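Given only the sequences and the hints, what does the whole structure look like? Please build it.
Read top to bottom, the protein sequences are chains V and S.
Be aware that the first sequence starts at 1, since it is given in the working numbering, and climbs by one per residue.
Be aware that the second sequence starts at 298, since it is given in the working numbering, and climbs by one per residue.
Check before you lean on any hint, since a few could be wrong.
[Stated by the list, open to error] Far from chain S, by Cβ distances over 10 Å, these chain V residues were calculated:
1) Gly23
2) Pro64
3) Leu66
4) Glu91
5) Thr101
6) Leu147
7) Ile228
8) Asn237
9) Leu272
[Stated by the list, open to error] Cβ pair distances, simulated, as ranges:
10) V/Arg288 to S/Asp353: 23 to 33 Å
11) S/Thr351 to V/Ile228: 45 to 55 Å
12) V/Val152 to S/Asp418: 22 to 32 Å
13) S/Pro332 to V/Arg288: 30 to 40 Å
14) S/Pro417 to V/Ala157: 17 to 27 Å
15) V/Phe67 to S/Asn377: 51 to 61 Å
16) V/Ala116 to S/Asn377: 21 to 31 Å
17) S/Asp418 to V/Trp35: 16 to 26 Å
18) V/Arg288 to S/Arg459: 36 to 46 Å
19) V/Phe285 to S/Thr694: 46 to 56 Å
Treat the hints as calculated values from the structure; they're not laboratory data.
Treat the numbers as computed from the prediction; the structure is a model and nothing was measured.
Heads up, the beta-carbon is just placed ideally off N, CA and C, and yes, glycines get one too.
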Amino acid sequence: MSSLEQVELAPPVAPVPTHGIYGPSAFGVGARRFWQLTFMLARTEFKLRFFGSALGYLWTLMRPLLFFGVLLLVFTKLVKVGSNQTPYYAEYLLMAIILFTYFQEATSGSVQSLVARENLLRKVRFPRLAVPLSVSLFCLFNLGMNLIVVFVFILGAGIEPRLSWLELIPLVALLVILASSVGMLLSALYVRYRDIQPIWEVFSQILWYGSPILYTVQTAAKKSFLGIPFSRLLTINPIGAILTQARKAMLDPSAPSATNAIGGVPRLLIPLGIVFGLCALGLWFFNREAPHISERL
Amino acid sequence: MTTTAPSRAQAPGTSPRSGPTAVSIEHVSKTFRLPHRHVSTLKERALHPFRTMTYDELNAVQDVSLEISEGEFFGIVGRNGSGKSTLLKCIAGIYRVDQGRIAIAGRLSPFIELGVGFNPDLNARDNVIINAIMLGLSRRQAAERFDQVVEFAELEGFMDLRLKNYSSGMLVRLAFATAIQVDAEILLIDEVLAVGDAAFQQKCFEEFFRLKREGRTIVFVSHDMFSVERFCDRAMLMDHGKPIEIGDPRRIGRAYHELNFGQLAHEAPGEQTPLSSSKITEAWFENGEGERVTSNAQQEPLTLCFEAVAGEPLHDPVFAVTLRTENGHTIIVARSDQHGALTGSFAAGETVVARFTVPNWLTPSRYMLTPSIAKEGTGDEALALVEDMASVVVHGTSSSGGILEVPVQFEVERL
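If you want it as structure tokens, here you go:
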């Protein structure tokens, strides 16, 4: 806003309290309105998804569940990556799939969100950032529903509820920050560069295999790359760190924590730094682009 | 041509009529860059990192200064591409201005399109709430005003119907009814009135009058001079991004038509001073049933009436009416002596009513009636004449673009 050339003129005709409007911004006029609009967009999407058809929720759940079923079959019966050495492999696999699905849906859903909401951005006053954040929020609603199934499986496996389950809250919060940051970055980039979408598809595929979902950090602990154990590399990836910590908190107290896997508390600053660094980058970039988004759609 | 004056020199015209300023626009410019080669992918960017970007600049709005005072109904007119909508979007905060400053006092709500965010898969109830929130209401306010929306849209009983099953007319009604619920002090309206059937348009007009009475500030962008002249207190004519003239809507309307069609011969002298002791006291319109009307349907008989008081004994005076469009085009001139009819003698102080019935083949618009009485003979020596004394709005569905909608017989013959 400071870049605006303020033309000083003779005193205004009437000294009324005026507030300047310099054009669109990322956040709009107030936090409350921003939140209300974000929530409304997410809620509308949710409503469309689940009230449109009677089986809406089941279908949404079906995808990760079927995927989970196939992977479980392949990796326990055919390839035998997990089952014998990893306790609660099936439960871990399901939890990891569902958490990663959130990240993937939130980020890939954000990519085209600004362009898809063109009429909002060009026809009404709308805080730009509410658009990608609403995608993230909508996916969070889904995650909440899907986590119910995860808990059913976990309880079904005979795991007693314990206090460490509460750790899931900050872990999911970190994942939300990560996904939202990437989402806002991608959505603003897509307005400029329309090949972001296929690029991100490939990238998230790489991230899928690069995160300990099908395997755990322990499975990879024996291998190393450039002298660094794979387990450490995997936890540099914030998603890897979150999944590893979630495994310890939710399923197996004897499993390595994220701190163990990366090798000490100070090193944990790397994945955390990535999350908050991306958050800062996303906010900065989005804020910079926001005033001109409606002209470039 | 028109009086083209730079906005700076027009400082008196740019100041609002009275009251505190609601919208203040100071030297605002907006330029769009139109690149010759649009680099829209990362791949191109990576392959040609040092390619210099060349682009054309489109100066959509150039150095516009304007003060709109509270409670004013301000019109912005101009041809397509004159920058009027861009200016509106700058005021609305949808586009960022490149230069200058815009300040507003109070809450602002843009009406750039009706029904933004309407989703065909949701029912009307949900859509009304969503749309109202998008236009600036809180969820609670939206819920509270829901009944008013339904009532105004006359869609009771259709609220649980999905929007995809709505007719386009119902959709527009619902959208408009929702839009007018916003309680912003400043409304920006961009030609949204160009929708709906005649009856609904009339309702919309009434609603705008209501908003105006409530003291809202309204900025209205249109290329329909008729509605601008009808509603606006002041108007601005824009062309090629520059303000051409700011002032009285009628003057702006004429300037706009001059811009479009070149100079018009406006023959109305505007003479209102008493010409003799005879006076025209009233003028009005009547429909086929002889009832006084301010609007008349196309194809219905239209009677142009006026009442006059003879100031001196008159012998066979010539009564005449002139019907003009708002832009001063003369459409009909009817005189009592056209067919040699003699009107008789009138004593001083006698009141007389003259009626001229014509078939109404006029295109939907507003028409102004100028009644006159003249001395016997050539009818050129006027005794009394009042310019644009009454007006009538002709409504109808047929609007071919011409001034008259006459019955047409068509045939094509192959030779």
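Structure-based check of all given hints:
1. Gly23: Its Cβ does come within 10 Å of chain S, the nearest being 3 Å, so this is violated.
2. Pro64: Check passes; 24 Å lies beyond 10 Å.
3. Leu66: holds (26 Å)
4. Glu91: holds (36 Å)
5. Thr101: holds (24 Å)
6. Leu147: At about 27 Å from chain S, V/Leu147 clears the 10 Å cut-off, so the statement holds.
7. Ile228: Given a closest Cβ separation of 30 Å, the condition holds.
8. Asn237: Given a closest Cβ separation of 23 Å, the condition holds.
9. Leu272: Consistent with the label, V/Leu272 stays out of reach of chain S, its closest Cβ about 28 Å off (over 10 Å).
10. V/Arg288 to S/Asp353: 23 to 33 Å: holds (24 Å)
11. S/Thr351 to V/Ile228: 45 to 55 Å: Holds - the Cβ-Cβ distance for S/Thr351 and V/Ile228, about 48 Å, lies within 45 to 55 Å.
12. V/Val152 to S/Asp418: 22 to 32 Å: Once the Cβ atoms are compared, 30 Å apart, the range 22 to 32 Å for S/Asp418 and V/Val152 holds.
13. S/Pro332 to V/Arg288: 30 to 40 Å: With a Cβ separation near 19 Å, S/Pro332 and V/Arg288 fall outside 30 to 40 Å, so the hint is violated.
14. S/Pro417 to V/Ala157: 17 to 27 Å: With a Cβ separation near 44 Å, S/Pro417 and V/Ala157 fall outside 17 to 27 Å, so the hint is violated.
15. V/Phe67 to S/Asn377: 51 to 61 Å: holds (53 Å)
16. V/Ala116 to S/Asn377: 21 to 31 Å: holds (28 Å)
17. S/Asp418 to V/Trp35: 16 to 26 Å: holds (25 Å)
18. V/Arg288 to S/Arg459: 36 to 46 Å: holds (40 Å)
19. V/Phe285 to S/Thr694: 46 to 56 Å: The hinted range 46 to 56 Å holds for V/Phe285 and S/Thr694, with Cβ atoms some 53 Å apart.
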